[in-house]
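A.B. asks: Okay, here's what each chain looks like letter by letter:
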Amino acid sequence: MSGNLLRRVRVAEVERVANRIKRFRLVDADNAPLSEFSGGSHISVVMHAGDRLLRNPYSLMGAPSDTSSYQISVLNVEDSRGGSKFMHENVSVGTELEIGQPLNLFPPAKLAKKHVLVAGGIGITPFMSMMNELDGLHSDFELHYGVRSLEDGAYCKYLQSRYGSRVNIYRQDQGQLIPLERILGDQRLGTHMYVCGPKPMIDWSLQTAKLLGWPDENVHSEQFSAPPPGKQFLVKLARSGREVIVRGHQSILEALEENGVDAPFLCRGGACGQCETQVVACDGFIEHNDHFLTEPERVSGKKIMICMSRIQTGSITLDL
Amino acid sequence: MTVSTIKSRPIYPGLSPDLNARRNIIVCDKAGAAAVAELFSRAGSAFAERATIILADSLSATETQTLSRDLAPAAVEIQPTLADGIARLRQLLETAPMGLRLYAAGSEPLIGLVVQAGLDFSIDHLSIRTEHRGSLKRRVQCVHCKTFIEDVTTNPVKCTGCGLTLLVRDHYSRRLAAFQGVCIDAEVPGEVPPTEALYL
Numbered sequence: 001m002s003g004n005l006l007r008r009v010r011v012a013e014v015e016r017v018a019n020r021i022k023r024f025r026l027v028d029a030d031n032a033p034l035s036e037f038s039g040g041s042h043i044s045v046v047m048h049a050g051d052r053l054l055r056n057p058y059s060l061m062g063a064p065s066d067t068s069s070y071q072i073s074v075l076n077v078e079d080s081r082g083g084s085k086f087m088h089e090n091v092s093v094g095t096e097l098e099i100g101q102p103l104n105l106f107p108p109a110k111l112a113k114k115h116v117l118v119a120g121g122i123g124i125t126p127f128m129s130m131m132n133e134l135d136g137l138h139s140d141f142e143l144h145y146g147v148r149s150l151e152d153g154a155y156c157k158y159l160q161s162r163y164g165s166r167v168n169i170y171r172q173d174q175g176q177l178i179p180l181e182r183i184l185g186d187q188r189l190g191t192h193m194y195v196c197g198p199k200p201m202i203d204w205s206l207q208t209a210k211l212l213g214w215p216d217e218n219v220h221s222e223q224f225s226a227p228p229p230g231k232q233f234l235v236k237l238a239r240s241g242r243e244v245i246v247r248g249h250q251s252i253l254e255a256l257e258e259n260g261v262d263a264p265f266l267c268r269g270g271a272c273g274q275c276e277t278q279v280v281a282c283d284g285f286i287e288h289n290d291h292f293l294t295e296p297e298r299v300s301g302k303k304i305m306i307c308m309s310r311i312q313t314g315s316i317t318l319d320l
Numbered sequence: 001m002t003v004s005t006i007k008s009r010p011i012y013p014g015l016s017p018d019l020n021a022r023r024n025i026i027v028c029d030k031a032g033a034a035a036v037a038e039l040f041s042r043a044g045s046a047f048a049e050r051a052t053i054i055l056a057d058s059l060s061a062t063e064t065q066t067l068s069r070d071l072a073p074a075a076v077e078i079q080p081t082l083a084d085g086i087a088r089l090r091q092l093l094e095t096a097p098m099g100l101r102l103y104a105a106g107s108e109p110l111i112g113l114v115v116q117a118g119l120d121f122s123i124d125h126l127s128i129r130t131e132h133r134g135s136l137k138r139r140v141q142c143v144h145c146k147t148f149i150e151d152v153t154t155n156p157v158k159c160t161g162c163g164l165t166l167l168v169r170d171h172y173s174r175r176l177a178a179f180q181g182v183c184i185d186a187e188v189p190g191e192v193p194p195t196e197a198l199y200l
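The listed protein sequences derive, respectively, from chains X and H.
Under UniProt numbering, the first sequence has 15 at position 15, and the numbering climbs by one with no breaks.
Under UniProt numbering, the second sequence has 31 at position 31, and the numbering climbs by one with no breaks.
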């Protein structure tokens, strides 16, 4: 399970880059070189926030070939489960953290003739490394980046100075909206669109592309959403006979990890399918919060994605 | 079509309309034209009005008349051969924008060559809607001398390039738009199973 291989890193630099957004530069704790990654990759950061063990995914922002350090940006989310608050309040230069290996669930399509990148707010982060890679390959791309204001949008100046007219910034405080219909309505054959940002923006972008006749294969999105909270419930593990309590703000996966159970995972956002687990029995209603299972699979009640989904109340027995 | 254990063997789910596409380009032969007519009857005239059909086949005057009527209100362009049809398709794709949907209906060589042309214009093969109709004939490449053998209906088949007797495999290349043909009597030259007309 590549997702389980952890590496110790040290925070080498912290910079406030916009309202509520900090950039962290991480180096290997023993100053060994880090692995190269590909544009669009992310890492998960392990956080011991109070009595909770969290592993939040963050996109890597630097140059994919730079093995000296990794850079991530963290938005301090109000009402968060504590991960981003922990990064903002408890992590400073010198802090040691554990991270997973880089994973890429949002790579640019290698055969595309052109790439249209659509970002909203903190959704800019995967495009930082993606643009770095595309620029190096002399690939044709353009960025459309929606921000609340220039104070809220990270890296606006940097992006404009580095990529010039390929970067288009839209300021909500000035009433500017991304004219997506016009942008997507006038693209050459073989263009791919990528969108990252808040869920309503992703849904709107995907729908706009669909209504303009863009094939699904040309449209890509990524969103890291935290597992929605709920009530406490009980997980029974059929193979080991163990029982684990999942608290209201935990995912099943986090509760298993806290109890030393090694369960499969990759993206921790309900997208990749790695943590698909067979349900042996369940006396509660399953809340499927993933983007992976098909409707018939959900209805069958035989499968659950343990990184995102939970049951309302009661107990669930898993084939683990 | 029998289910193959070879993963690369293409499957053709059948034509379905993309009602959001701003332009539809449909390539078909005589047999495939029937599938296109059925597609139009399901999708309605607004869909057909946004469609250009490249009908690549040799047709009699009566057939031309009948098919043009069946495929109205789409614009129907008739090309005398598959090669001419594919050349015309490439010409249309040269200036096409996003919002175009590509369809192919007819023999496997026709579908394969449409998918291959699409690939050259960065159209994902999964986004091309396909339906197999008519002959089971195959386009085969000899893996030894790389000659393409068109309209193969038998297995094994003699390579028109190097003369080897080839086993026609389900192993398919989208890039080459061809099934792979492999020497069938490499171990004992001359030991060749009887020829079967599998792909009529």
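Rather than coming from a laboratory, the hints here were simulated on the basis of the structure.
It is possible that some hints are incorrect.
[Said to hold, decoys possible] 30 Å max Cα-Cα, derived DSBU-like pairs, lysine-lysine:
no., chain 1, residue 1, chain 2, residue 2
1, X, K236, X, K157
2, X, K110, X, K199
3, X, K22, X, K210
4, X, K113, X, K85
5, X, K210, X, K113
6, X, K110, H, K158
7, H, K7, X, K113
8, H, K7, X, K110
9, H, K158, H, K30
10, X, K114, X, K157
11, X, K236, X, K114
12, X, K302, H, K7
13, X, K85, X, K231
14, H, K30, X, K303
15, X, K22, X, K113
As the structure is a prediction and not an experimental result, all values here were calculated from the model.
A.B. asks: State for each hint whether it applies.
C.D. replies: Hints and how they fare:
1. X:K236 <-> X:K157: 52 Å, violated
2. X:K110 <-> X:K199: 26 Å, holds
3. X:K22 <-> X:K210: 35 Å, violated
4. X:K113 <-> X:K85: This hinted pair is violated, its Cα atoms lying about 40 Å apart.
5. X:K210 <-> X:K113: Roughly 19 Å separates the two Cα atoms, so the pair holds.
6. X:K110 <-> H:K158: Distance of about 38 Å is beyond 30 Å: violated.
7. H:K7 <-> X:K113: 27 Å, holds
8. H:K7 <-> X:K110: This hinted pair holds, its Cα atoms lying about 22 Å apart.
9. H:K158 <-> H:K30: Cα-Cα ~28 Å, so holds.
10. X:K114 <-> X:K157: 24 Å, holds
11. X:K236 <-> X:K114: Outside the cut-off at roughly 49 Å; violated.
12. X:K302 <-> H:K7: 28 Å, holds
13. X:K85 <-> X:K231: OK: K85 of chain X and K231 of chain X at ~22 Å, within 30 Å.
14. H:K30 <-> X:K303: 46 Å, violated
15. X:K22 <-> X:K113: Violated, at roughly 34 Å.
Checked against the numbered hints given earlier, this structure breaks hints 1, 3, 4, 6, 11, 14, 15; the rest are met.
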